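If you read the protein sequences in the order shown, they are chains A and B.
Numbering that gives the first Met the number 0 applies: residue 0 is where the first sequence begins, and numbers increase by one.
Numbering that gives the first Met the number 0 applies: residue 0 is where the second sequence begins, and numbers increase by one.
Keep in mind the hints are simulated off the structure, nothing from the lab.
Some clues are possibly wrong.
When chains are identical, the list treats them as one kind, so a pair holds in a single copy or across two.
Heads up, simulated DSSO-like pairs for lysine-lysine below, C-alpha to C-alpha not over 27 Å straight-line [claimed, not checked]:
#1 K10 - K171
#2 K156 - K179
#3 K179 - K17
#4 K341 - K102
#5 K171 - K21
#6 K157 - K179
#7 K179 - K340
#8 K21 - K350
#9 K102 - K72
#10 K275 - K11
#11 K156 - K113
#12 K179 - K21
#13 K275 - K350
#14 K275 - K340
#15 K49 - K179
Given the structure is predicted, the values throughout are model-derived calculations rather than measurements.
2 protein chains.
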Amino acid sequence: MNKDILEMLEKKQFSEIKATIKQMHPQDISSIITTLPSHFQGIVYRLLPKDVAVNVFENFEIPFQETLLNSLKSDEVIGILNEMAPDDRTRLFEELPANIVLKYLALLDESERKIAYNLLGYNEDTAGRLMTTDFLELQENFTISQAIETIRITAPKKETIYYGYVISPDRKLNGVISLKSIITSEPDDVVGELMNTSVICVQTDALQEEVASVMAHYDLVAIPVVDLEDRLVGIITHDDILDVITEEDTEDIHLMGAVTTTDRSLLDLTIWDSVKRRLSWLILLIVLASFSTNILTMYQDVLSTVVALSFFIPLLIDTGGNAGTQSATITIRALATGELKKQHRWEIIGKEFVSGLILGLMLGVLGAFQAYFTSQILLVSITVGISICVVVTLASVTGTLLPMLAERFKLDPAVMAGPFITTIVDIVGLITYFEIAKLILRIN
Amino acid sequence: MNKDILEMLEKKQFSEIKATIKQMHPQDISSIITTLPSHFQGIVYRLLPKDVAVNVFENFEIPFQETLLNSLKSDEVIGILNEMAPDDRTRLFEELPANIVLKYLALLDESERKIAYNLLGYNEDTAGRLMTTDFLELQENFTISQAIETIRITAPKKETIYYGYVISPDRKLNGVISLKSIITSEPDDVVGELMNTSVICVQTDALQEEVASVMAHYDLVAIPVVDLEDRLVGIITHDDILDVITEEDTEDIHLMGAVTTTDRSLLDLTIWDSVKRRLSWLILLIVLASFSTNILTMYQDVLSTVVALSFFIPLLIDTGGNAGTQSATITIRALATGELKKQHRWEIIGKEFVSGLILGLMLGVLGAFQAYFTSQILLVSITVGISICVVVTLASVTGTLLPMLAERFKLDPAVMAGPFITTIVDIVGLITYFEIAKLILRIN
Chain A
0 MNKDILEMLE KKQFSEIKAT IKQMHPQDIS SIITTLPSHF QGIVYRLLPK DVAVNVFENF
60 EIPFQETLLN SLKSDEVIGI LNEMAPDDRT RLFEELPANI VLKYLALLDE SERKIAYNLL
120 GYNEDTAGRL MTTDFLELQE NFTISQAIET IRITAPKKET IYYGYVISPD RKLNGVISLK
180 SIITSEPDDV VGELMNTSVI CVQTDALQEE VASVMAHYDL VAIPVVDLED RLVGIITHDD
240 ILDVITEEDT EDIHLMGAVT TTDRSLLDLT IWDSVKRRLS WLILLIVLAS FSTNILTMYQ
300 DVLSTVVALS FFIPLLIDTG GNAGTQSATI TIRALATGEL KKQHRWEIIG KEFVSGLILG
360 LMLGVLGAFQ AYFTSQILLV SITVGISICV VVTLASVTGT LLPMLAERFK LDPAVMAGPF
420 ITTIVDIVGL ITYFEIAKLI LRIN
Chain B
0 MNKDILEMLE KKQFSEIKAT IKQMHPQDIS SIITTLPSHF QGIVYRLLPK DVAVNVFENF
60 EIPFQETLLN SLKSDEVIGI LNEMAPDDRT RLFEELPANI VLKYLALLDE SERKIAYNLL
120 GYNEDTAGRL MTTDFLELQE NFTISQAIET IRITAPKKET IYYGYVISPD RKLNGVISLK
180 SIITSEPDDV VGELMNTSVI CVQTDALQEE VASVMAHYDL VAIPVVDLED RLVGIITHDD
240 ILDVITEEDT EDIHLMGAVT TTDRSLLDLT IWDSVKRRLS WLILLIVLAS FSTNILTMYQ
300 DVLSTVVALS FFIPLLIDTG GNAGTQSATI TIRALATGEL KKQHRWEIIG KEFVSGLILG
360 LMLGVLGAFQ AYFTSQILLV SITVGISICV VVTLASVTGT LLPMLAERFK LDPAVMAGPF
420 ITTIVDIVGL ITYFEIAKLI LRIN
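Take the sequences, apply the hints, and build the full model.
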């Protein structure tokens with residue numbers, strides 16, 4: 000497809016391009032324009048019919064939106080900024096430098112400027128920042144035919160018309176009526192009698208992950224957003240929530256892998272950016288790991304007496320780390336999806352203790368055999384076996400407990416994942432190992 | 000709310016319960032019923048109006064659906080099974096034992112039974128299994144007023160009426176028209192002229208994560224599913240896709256933490272289930288880790304000559320493991336979200352090499368200082384420093400490369416995460432460490 004368009008561009012067959020593009024989904028047009036050589040991008044964009052153009056623009060990645068705006072004439076920029084959906088515009092403004100935002104705000108019509116100002120006033124990652132102000136407003140005393148007439152007139156400007164929101168004169172949200180029930184009702188029925196008055200909504204300061212979980216819970220296509228005085232100020236639509244879920248999961252996964260998350264794409268990051276998002280974590284962890292060095296120096300006499308003990312250090316700490324990582328992973332995810340509720344925590348910790356112990360016993364036997372096979376020293380292999388058993392049990396409990404504790408102290412549980420747990424389990428594991436060794440091998 | 004209902008139940012105030020429930024969202028009614036004492040659950044369920052009852056039933060968790068069906072009378076079961084949305088019914092049947100499914104299939108009307116048989120015929124986790132057959136069908140030659148009339152009649156039975164699908168006499172999907180464009184068009188306009196003919200759809204055998212990514216890409220509320228002959232057989236709606244995204248992310252996160260994923264809830268798992276989902280991974284990893292034991296025995300002369308070298312083994316392998324985990328996490332997530340495209344892989348590997356080297360240099364210096372502080376032996380600390388630098392660089396490249404290789408060989412990249420990478424990096428790290436030690440400390 001790209002190739003055809005490129006060929007047409009080189010032959011300057013603009014009307015053919017127009018005809019080809021006309022059939023396509025705005026998202027596909029965006030993708031094609033992005034992959035064209037930069038001197039052609041503006042040309043193709045300008046060939047788009049005006050209503051399609053804004054839609055295509057909204058589908059570009061933010062950095063590309065920036066670049067394109069810079070290359071367009073000022074009346075074109077004015078057109079785009081005024082026509083964009085308020086929520087997509089907020090997303091763009093969020094990423095732009097303050098001086099550019101001010102310049103662009105000045106280009107907006109007064110009403111749009113007011114909307115943009117308001118939306119930017121909400122905190123990042125809250126419902127207020129996600130919402131659009133283009134929702135379908137209906138009056139309680141409308142008949143169904145009046146409602147349909149309103150929809151017919153206002154639909155082109157609205158992001159979704161699947162729900163109509165019924166608001167009182169002081170803009171309080173009184174009820175909601177679905178397009179489905181509008182279309183299946185009689186023309187003379189009254190909106191106020193058909194609407195649902197127990198509306199599921201969120202407040203402007205709700206966190207985006209809360210919004211996502213409410214919408215997923217109730218299978219909503221759109222959710223109304225009210226301010227602190229219960230006045231309807233916007234709606235959030237299903238497509239934004241898909242992005243939020245993916246974004247939140249990415250954030251959790253990154254945190255679990257001890258990397259600072261970023262919403263910029265991997266390709267856009269400079270090498271220095273990549274170093275920065277990893278460095279502080281690695282330093283924190285290396286400082287924690289230095290405790291294990293100190294522990295080993297404490298036991299250096301034991302180590303010099305039985306050098307064979309050192310052979311099993313990686314085996315022991317890896318196995319402990321892996322068991323801890325497993326438990327932490329299960330717990331963190333169950334906390335994130337809301338599956339693990341407060342009242343069940345002790346039950347889960349108890350279960351993890353027992354299954355950790357069973358796993359520890361099995362792996363301990365396996366480890367002891369391995370150790371005997373390598374060292375041929377019975378007492379060393381018993382030490383290794385018992386230590387693995389203890390460490391796996393402890394690691395399973397620690398991996399379950401620490402994410403729960405983190406949540407209790409308002410930290411993100413995802414911090415308490417593999418890398419962190421591994422380092423903590425190391426310290427505990429090494430002390431266990433050498434104390435057991437001293438006892439079994441009778442070293443003082 | 001639960002408390003009130005419980006009180007009313009105890010006082011047998013059934014009409015009050017009916018009135019209270021009437022105001023509530025089906026999802027909330029489901030939640031309340033689930034938390035009631037089991038002898039009350041059936042009673043409240045039977046108080047629901049018939050159309051609400053099915054909706055409430057669909058919102059129960061699958062294990063609860065099973066239990067409830069067992070406790071209901073056979074005509075009630077017949078009612079529910081025939082009225083349920085086909086996709087929710089498939090989800091239930093998937094989890095039931097074969098003999099129960101056969102019994103339930105026999106209770107279905109012939110047409111519903113045919114639908115249920117068909118849906119169960121598709122592979123798990125494919126579009127065919129996810130879809131519902133209740134979609135809105137329109138004819139190409141319908142006028143808008145005929146279309147609206149069709150919608151009015153059929154809407155109550157349809158999962159979504161936001162799109163109408165236009166199909167040919169041989170059931171091929173010819174076009175799609177949104178409810179928005181139906182409602183904004185004139186009564187005499189013809190569907191065939193308004194519909195969009197380049198329909199975005201998926202095939203029945205498309206994997207659910209592909210479906211999710213297409214729907215997210217195009218911001219769709221519903222997507223049509225066609226069979227291998229391009230005949231329309233069903234649609235998948237936005238709410239199912241939210242579940243798919245969460246499910247897929249959970250699967251990835253579990254795999255990254257070296258646990259076998261399960262769709263059963265944490266509380267439903269027995270201790271033996273918890274052991275099973277972790278055991279094979281731990282055994283695999285402990286066997287891999289035994290290589291590090293062998294490496295250490297190979298270098299036992301070096302170790303006995305300079306015992307201090309053993310102090311830094313945990314520090315070294317933890318740091319290597321952490322760096323590898325970071326790179327693997329970033330790569331795996333970028334592959335999962337589709338952010339990391341084939342053509343950019345070498346560029347990313349190159350970048351990771353350079354940022355790994357920079358991180359390695361910084362951490363190497365830090366590690367060398369720590370080692371000098373602990374051991375007071377300059378040559379040992381130089382060995383530690385250089386080894387950390389080499390290991391961090393190698394780990395960063397390995398962590399980036401292995402998930403990409405896994406994908407190339409049709410494995411899930413998420414396997415190549417923290418635990419696996421750590422164990423591999425250990426082996427490489429220990430060899431590096433002792434070879435450098437031999438060189439610098441001049442030991443043979």
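Results of checking the hints against the structure:
no.: 1; hint: K10 - K171; result: neither (58 Å within a copy, 37 Å between copies)
no.: 2; hint: K156 - K179; result: both (20 Å within a copy, 11 Å between copies)
no.: 3; hint: K179 - K17; result: between (36 Å within a copy, 25 Å between copies)
no.: 4; hint: K341 - K102; result: neither (49 Å within a copy, 38 Å between copies)
no.: 5; hint: K171 - K21; result: between (42 Å within a copy, 23 Å between copies)
no.: 6; hint: K157 - K179; result: both (17 Å within a copy, 10 Å between copies)
no.: 7; hint: K179 - K340; result: neither (35 Å within a copy, 41 Å between copies)
no.: 8; hint: K21 - K350; result: neither (60 Å within a copy, 40 Å between copies)
no.: 9; hint: K102 - K72; result: within (14 Å within a copy, 69 Å between copies)
no.: 10; hint: K275 - K11; result: neither (46 Å within a copy, 65 Å between copies)
no.: 11; hint: K156 - K113; result: within (17 Å within a copy, 43 Å between copies)
no.: 12; hint: K179 - K21; result: between (30 Å within a copy, 19 Å between copies)
no.: 13; hint: K275 - K350; result: between (39 Å within a copy, 13 Å between copies)
no.: 14; hint: K275 - K340; result: between (35 Å within a copy, 23 Å between copies)
no.: 15; hint: K49 - K179; result: between (30 Å within a copy, 19 Å between copies)
The structure does not agree with the numbered hints 1, 4, 7, 8 and 10 stated previously, though it agrees with the rest.
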